[in-house]
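Asker: One line per chain: the protein sequences are A and B, in this order. 1 is the number of the first residue of the first sequence in this note's numbering; add one for each residue after it. 1 is the number of the first residue of the second sequence in this note's numbering; add one for each residue after it.
Simulated from the structure, these hints should not be mistaken for laboratory data. Some clues are possibly wrong.
[What the hints assert, rightly or not] Some chain B residues well away from chain A (every beta-carbon gap over 12 Å; in silico):
hint, residue
1, 9
2, 14
3, 45
4, 56
5, 60
6, 62
7, 65
8, 67
9, 70
10, 71
11, 72
12, 74
13, 84
14, 98
15, 108
16, 110
[Unchecked claim] Using C-beta positions, here's what the derived DEER-type ranges look like:
hint, chain 1, residue 1, chain 2, residue 2, range
17, A, 3, B, 83, 39 to 47 Å
18, A, 17, B, 16, 47 to 55 Å
19, B, 42, A, 22, 31 to 39 Å
20, B, 16, A, 40, 41 to 49 Å
21, A, 80, B, 110, 25 to 33 Å
22, A, 17, B, 108, 33 to 41 Å
23, B, 45, A, 10, 45 to 53 Å
24, A, 44, B, 45, 15 to 23 Å
25, B, 56, A, 56, 14 to 22 Å
26, B, 55, A, 60, 33 to 41 Å
27, B, 42, A, 66, 25 to 33 Å
28, A, 63, B, 108, 34 to 42 Å
[Unchecked claim] Simulated crosslink set (DSBU-like; lysine-lysine; CA at most 35 Å straight-line):
hint, chain 1, residue 1, chain 2, residue 2
29, B, 68, A, 11
30, B, 42, A, 57
31, B, 42, B, 56
32, A, 11, B, 56
33, B, 68, A, 14
34, A, 57, A, 14
35, A, 14, A, 71
Since the structure is predicted, the reported quantities are computational estimates derived from the model, not experimental observations. Glycine residues also receive a C-beta, built at the ideal position from the N, C-alpha and C atoms.
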Amino acid sequence: DTGVSQDPRHKITKRGQNVTFRCDPISEHNRLYWYRQTLGQGPEFLTYFQNEAQLEKSRLLSDRFSAERPKGSFSTLEIQRTEQGDSAMYLCASSQMMGHRAFFGQGTRLTVV
Amino acid sequence: GESVGLHLPTLSVQEGDNSIINCAYSNSASDYFIWYKQESGKGPQFIIDIRSNMDKRQGQRVTVLLNKTVKHLSLQIAATQPGDSAVYFCTEGNYGQNFVFGPGTRLSVLP
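Extracted from the complex, chain A is given alone in its bound form (with noise of 0.2 Å):
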């Protein structure tokens, strides 16, 4: 059974540098989601996609941040200009267009120091 796929698992990074992030849904799955989720807190909605269309940013996503699925399969997220705030652990997730379920990924642990 092939889940979602995200790498990389971990990252550390130095505040200021830029990193990227992929994300592979389940294949069969139109819809794509991004979430970021920090210590004792749920997971805080990003951004989606339904297929390779960005349906809904939240405000949570500063212009630093921008996400893109080109092709409708895979999808990244770029951080620019890393803050220390943005030491998080960023989740993906994917369902099929009408499903009311997701399946999220293991998620990219990111340590901005």
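Dock chain B against the given chain A, drawing on the hints supplied.
Answerer: Same frame as chain A, now just chain B:
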């Protein structure tokens, strides 16, 4: 989006006892309610869901109860095991819409 929330942030139970995790919701129009389990360092995993027109649904060792009158959802885990130690989230699943998570409840199973 509407909010979902938990009554208790932490819950400790003795191994072998039953656990009950509660959740309050505010969106009466939700189609489904879903419980996820998140173990340390991992992404949330689906446990069980319940459609809004149902009151109870049972899985393997888990039961979800839905009380629409008071907008309350609960997850019951029978014979709690050490592997059940995790953070549990409830969320609403509406067809084609985003998923909103509350802070979760941390379940600790004591030996």
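Asker: Evaluate each hint against the coordinates.
Answerer: Do the hints match the structure? See the list:
1. 9: Residue 9(B) not clear of chain A: closest Cβ-Cβ about 8 Å, inside 12 Å.
2. 14: holds, 24 Å
3. 45: Violated: least Cβ distance 7 Å, not greater than 12 Å.
4. 56: holds, 18 Å
5. 60: holds, 17 Å
6. 62: holds, 15 Å
7. 65: holds, 18 Å
8. 67: holds, 20 Å
9. 70: Given that every Cβ of chain A is farther than 12 Å from that of residue 70(B), nearest at about 22 Å, it holds.
10. 71: Residue 71(B) clear of chain A: closest Cβ-Cβ about 18 Å, beyond 12 Å.
11. 72: holds, 18 Å
12. 74: The assertion about residue 74(B) holds, with a minimum of 18 Å to chain A.
13. 84: holds, 18 Å
14. 98: Not fine: 6 Å to the nearest Cβ puts residue 98(B) too close to chain A.
15. 108: holds, 14 Å
16. 110: For residue 110(B), whose nearest Cβ neighbour in chain A is about 21 Å away, the distance exceeds 12 Å, so it holds.
17. 3(A) / 83(B): 39 to 47 Å: Given about 19 Å between the Cβ atoms, the range is violated.
18. 17(A) / 16(B): 47 to 55 Å: holds, 49 Å
19. 42(B) / 22(A): 31 to 39 Å: For residue 22(A) against residue 42(B), whose Cβ atoms are near 18 Å apart, the range 31 to 39 Å is violated.
20. 16(B) / 40(A): 41 to 49 Å: Cβ of residue 16(B) to Cβ of residue 40(A): about 28 Å, so the range 41 to 49 Å is violated.
21. 80(A) / 110(B): 25 to 33 Å: violated, 45 Å
22. 17(A) / 108(B): 33 to 41 Å: Roughly 37 Å apart at Cβ, these two residues keep to the hinted range, so it holds.
23. 45(B) / 10(A): 45 to 53 Å: violated, 20 Å
24. 44(A) / 45(B): 15 to 23 Å: Holds, at about 18 Å.
25. 56(B) / 56(A): 14 to 22 Å: violated, 33 Å
26. 55(B) / 60(A): 33 to 41 Å: holds, 35 Å
27. 42(B) / 66(A): 25 to 33 Å: Between residue 42(B) and residue 66(A), where Cβ atoms are some 26 Å apart, the hint holds.
28. 63(A) / 108(B): 34 to 42 Å: Given a distance of about 40 Å, which is inside 34 to 42 Å, the answer is holds.
29. 68(B) / 11(A): Status violated; Cα separation ~43 Å.
30. 42(B) / 57(A): Within the cut-off at roughly 24 Å; holds.
31. 42(B) / 56(B): Between residue 42(B) and residue 56(B) the Cα gap is close to 28 Å, so the pair holds against 35 Å.
32. 11(A) / 56(B): Roughly 42 Å between the alpha carbons, so the hint for residue 11(A) and residue 56(B) is violated.
33. 68(B) / 14(A): violated, 49 Å
34. 57(A) / 14(A): holds, 26 Å
35. 14(A) / 71(A): Holds - the C-alpha atoms of residue 71(A) and residue 14(A) are around 31 Å apart, at most 35 Å.
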